[in-house]
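Visitor: If you're matching them up, the sequences are chains P and H in order. Residue numbering for the first sequence follows the numbering used here, starting at 1 and increasing by one per position. Residue numbering for the second sequence follows the numbering used here, starting at 1 and increasing by one per position.
One or more of the hints may lead you astray.
Label pairs and their computed distance ranges (CB to CB) [to be verified]:
{"no.": "1", "chain 1": "H", "residue 1": "G177", "chain 2": "P", "residue 2": "D42", "range": "41 to 47 Å"}
{"no.": "2", "chain 1": "P", "residue 1": "P164", "chain 2": "H", "residue 2": "P208", "range": "54 to 60 Å"}
{"no.": "3", "chain 1": "P", "residue 1": "L357", "chain 2": "H", "residue 2": "S34", "range": "58 to 64 Å"}
{"no.": "4", "chain 1": "P", "residue 1": "A359", "chain 2": "H", "residue 2": "D245", "range": "27 to 33 Å"}
{"no.": "5", "chain 1": "H", "residue 1": "P36", "chain 2": "P", "residue 2": "G177", "range": "35 to 41 Å"}
{"no.": "6", "chain 1": "H", "residue 1": "L357", "chain 2": "P", "residue 2": "N195", "range": "52 to 58 Å"}
Simulated pairs of lysine-lysine, BS3-like, Cα-Cα distance not exceeding 27 Å [unchecked claim]:
{"no.": "7", "chain 1": "P", "residue 1": "K336", "chain 2": "P", "residue 2": "K358"}
{"no.": "8", "chain 1": "P", "residue 1": "K283", "chain 2": "H", "residue 2": "K358"}
{"no.": "9", "chain 1": "H", "residue 1": "K246", "chain 2": "H", "residue 2": "K155"}
{"no.": "10", "chain 1": "H", "residue 1": "K362", "chain 2": "P", "residue 2": "K283"}
{"no.": "11", "chain 1": "P", "residue 1": "K358", "chain 2": "H", "residue 2": "K283"}
{"no.": "12", "chain 1": "P", "residue 1": "K251", "chain 2": "P", "residue 2": "K336"}
{"no.": "13", "chain 1": "P", "residue 1": "K246", "chain 2": "P", "residue 2": "K283"}
{"no.": "14", "chain 1": "P", "residue 1": "K336", "chain 2": "H", "residue 2": "K336"}
{"no.": "15", "chain 1": "H", "residue 1": "K362", "chain 2": "H", "residue 2": "K283"}
{"no.": "16", "chain 1": "H", "residue 1": "K251", "chain 2": "H", "residue 2": "K5"}
{"no.": "17", "chain 1": "P", "residue 1": "K251", "chain 2": "P", "residue 2": "K283"}
{"no.": "18", "chain 1": "P", "residue 1": "K251", "chain 2": "P", "residue 2": "K134"}
{"no.": "19", "chain 1": "H", "residue 1": "K336", "chain 2": "H", "residue 2": "K362"}
{"no.": "20", "chain 1": "P", "residue 1": "K155", "chain 2": "P", "residue 2": "K134"}
{"no.": "21", "chain 1": "H", "residue 1": "K69", "chain 2": "P", "residue 2": "K362"}
Some, not all, of what chain H presents toward chain P, calculated at C-beta under 8 Å [to be verified]:
{"no.": "22", "residue": "P131"}
{"no.": "23", "residue": "G213"}
{"no.": "24", "residue": "S270"}
{"no.": "25", "residue": "I272"}
{"no.": "26", "residue": "V277"}
{"no.": "27", "residue": "K336"}
{"no.": "28", "residue": "L340"}
Simulated from the structure, these hints should not be mistaken for laboratory data. C-beta atoms are modelled at their ideal positions from N, C-alpha and C, and glycine is treated no differently.
As a plain string of letters, each chain reads:
There are 2 protein chains.
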Amino acid sequence: MSTRKLLVDVHTHVYLPRYAAYLRARAVAPRIFSRPVPGEPDVEEDRLLILENEPSGGRPVGPQVYWDKSQKLAFMNRHGIDVSVVSSANPWLDFLPASEANSLAKELNEDLEEFCSSSPDLGSPTSGGGPSIKRLYGLGLLPLVSEASLSDVLKVITQISSLPHLKGVIMGTQGLGRGLDDEELEPVWGEIERNGLVVFLHPHYGVPSSVYGGRANGHVLPLALGFPFETTIAITRLILAGVLDKFPSLKIMLAHSGGALPALSSRLASCIDHDPVVASRLKHNARYYLGRLYFDAVAYGPEELGFVSSAIGRSSTYDDPSASASAIPSLESEGKLRVLGSSRMLFGTDHPFFPPLKATDKWKSVTENLAAINAVAGWGDEEIEAVCGGNALRIFDLV
Amino acid sequence: MSTRKLLVDVHTHVYLPRYAAYLRARAVAPRIFSRPVPGEPDVEEDRLLILENEPSGGRPVGPQVYWDKSQKLAFMNRHGIDVSVVSSANPWLDFLPASEANSLAKELNEDLEEFCSSSPDLGSPTSGGGPSIKRLYGLGLLPLVSEASLSDVLKVITQISSLPHLKGVIMGTQGLGRGLDDEELEPVWGEIERNGLVVFLHPHYGVPSSVYGGRANGHVLPLALGFPFETTIAITRLILAGVLDKFPSLKIMLAHSGGALPALSSRLASCIDHDPVVASRLKHNARYYLGRLYFDAVAYGPEELGFVSSAIGRSSTYDDPSASASAIPSLESEGKLRVLGSSRMLFGTDHPFFPPLKATDKWKSVTENLAAINAVAGWGDEEIEAVCGGNALRIFDLV
């Protein structure tokens, strides 16, 4: 019984109406505010300010993409996307006091369940027939903020597990305020693992903006570099803390194809190998852990995706902590790594971000990622179908 | 007339004796100090503290690797390295007031010229005979610090150009204190370009350490991630400032295979394409500029080097600023990109950093980088020889 060819978007965001209303009531970032359109003083526009002092006063925001379900479905239809695994967009609940974060998390998880369960049926995902699946599934929110009660967080994991259309959680990098390598989070990882939920690890803070200097570069540096750097640091800290050793069935999917982790994984292994503080602590070579993770395929180029795939594919040869670079002397053997690695990569769009500057039928951020998947050297039809949808059906337990 | 097969190390550092004496006289980082060896109170060891609050009180340092020329040559002999293009190690002159930086730069450049010119002859690098080359060449220092006089900096460029064994400069990322995208540096780029010198762009500061959290991870996070992040930010800021457009013959070589630049170059292109502040400013797509740069081959894995090579090789197809991901649907065509890209990659060791934890004949940091070069899928003998030495002979103008 094989699965149908489906296009499943695992990286697509929403600000649910309850959340947007929260942002609209705020006087400091994150917030939504109205201002006259530059040059058109009589026309008002809504702006979303995620961080204070963003260039251009934040970005335009409207119901058409940010919180209207019919518009999300229209976007999916226009781009041939069958199923979306929707998650709240950053900054999630990070800015709220613990009690408010806890109550809002539970409400937003119920809202997201309703958002998904009321979406259209798609029919059976398997060619042999079987129960229908929906067009929308979701990743819930945990009240992971400073001063959060661990038992509250564990209860929300139970809540999410009980909601049939939520398949995991989206998570930032701050945890209880001390990062994801905080030992206090171990019960959280255990509970997520036990419930088979996927953690979608997503950046928000980037790195401190002092590193970008004073020239006006819009959002380019924090988005193009800061976001992937933050993800890379967070997952590396998790690896160094032994979380992947302790929770071998924990499913973590990294935003933006893991940021810089694949490109720096051999350097990381070498630095660990040469550092007495860390060298003896891990069960495996740093490169090994890439085969334990999942990666969205949001990297905008076929060479990038091919490389991520190779870095995943080689992981099993780095079981030994002090393993050296293995010899892969032919394109054919690298092609085999790429086939192996493709099983852990999943199509995504990052919608509703990267809106086109000019009116267009299809968003380049979507078409470029799709074109990249179709152009990876070493991927055949089977790998392309897996990355486009088959992997998501399996990893998010939709079949 | 072809060149001999030579192994040329383009990423290898030295603290010259004059510089080490400077560090030894200091009471705050960067400095060299003596302390009893832990557990052996009667034995003193020298420690190098590059940044305040480094874990483990810095790292062991001694004449055997840091400033003794015969030991550098012994290291080269042991690893089969024919020629080293030696550069001062970070933090260079960054911590000095402008007048001291200026005088010390000039003295250290003379010292380095003497260090190299007094090294053994290697014979002719060309198989057809011709003048002999030396075992050691060098990259000089510019007094690029806050408050530096631009005319002093330009004079030191002239000095370096007049010293026959200095072939370029090593440069950190701070420039005159405002980063390398500072418009005031344009005369510096112009003068470096006019003199045909290579800029070796090398990190020192990483990113602010607040992002690493509180767990003890030794030097791993700042070295494995912070260093390449800093390089990536610096070169991206240079690209966004149009420096590569304005100085088309400027030769910049990036440390650590460009850090995360290749892996994030398509994301960078997409972010630029979607940002009105930057979209119309550049002459080319972000991916294009990788074909204008040089990359050391210090990435510790064959898949990493192969990918960097592909990212360089594809650059010419991204001439147009708004170009989309190109289709490279076969391993053969990716192999062609890799052949193209290999012409801009150069073997390096990062010596004397990454010393082995245990006594060993050969340093793993060297053997692993060399094994990686030899195992890149798609590179044949010609590409391997070029990356190992032929490219360096050409780019540093040694033939």
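Visitor: Hint by hint, note whether the structure agrees.
Guide: Against the structure, the hints:
1. H:G177 <-> P:D42: 41 to 47 Å: Taking Cβ atoms as reference, H:G177 and P:D42 lie about 45 Å apart, which means the hint holds.
2. P:P164 <-> H:P208: 54 to 60 Å: 43 Å, violated
3. P:L357 <-> H:S34: 58 to 64 Å: 60 Å, holds
4. P:A359 <-> H:D245: 27 to 33 Å: Holds, at about 29 Å.
5. H:P36 <-> P:G177: 35 to 41 Å: 38 Å, holds
6. H:L357 <-> P:N195: 52 to 58 Å: Distance hint for H:L357, P:N195 is violated at roughly 41 Å.
7. P:K336 <-> P:K358: 41 Å, violated
8. P:K283 <-> H:K358: 20 Å, holds
9. H:K246 <-> H:K155: 22 Å, holds
10. H:K362 <-> P:K283: Given that 27 Å is the threshold and the Cα spacing comes to 25 Å, the pair holds.
11. P:K358 <-> H:K283: 20 Å, holds
12. P:K251 <-> P:K336: 24 Å, holds
13. P:K246 <-> P:K283: 10 Å, holds
14. P:K336 <-> H:K336: This hinted pair holds, its Cα atoms lying about 19 Å apart.
15. H:K362 <-> H:K283: 46 Å, violated
16. H:K251 <-> H:K5: Measuring from Cα to Cα gives roughly 23 Å; hence the hint holds.
17. P:K251 <-> P:K283: Roughly 18 Å separates the two Cα atoms, so the pair holds.
18. P:K251 <-> P:K134: Holds, at about 22 Å.
19. H:K336 <-> H:K362: Not OK: H:K336 and H:K362 at ~33 Å, beyond 27 Å, violated.
20. P:K155 <-> P:K134: Given pair P:K155, P:K134 holds - Cα atoms ~26 Å apart, limit 27 Å.
21. H:K69 <-> P:K362: 61 Å, violated
22. P131: Hint violated; H:P131 Cβ to chain P Cβ min 36 Å, cut 8 Å.
23. G213: 4 Å, holds
24. S270: Nearest chain P Cβ about 5 Å off; hint holds.
25. I272: It holds, given that the least Cβ distance between H:I272 and chain P is near 6 Å, below 8 Å.
26. V277: 3 Å, holds
27. K336: 10 Å, violated
28. L340: 12 Å, violated
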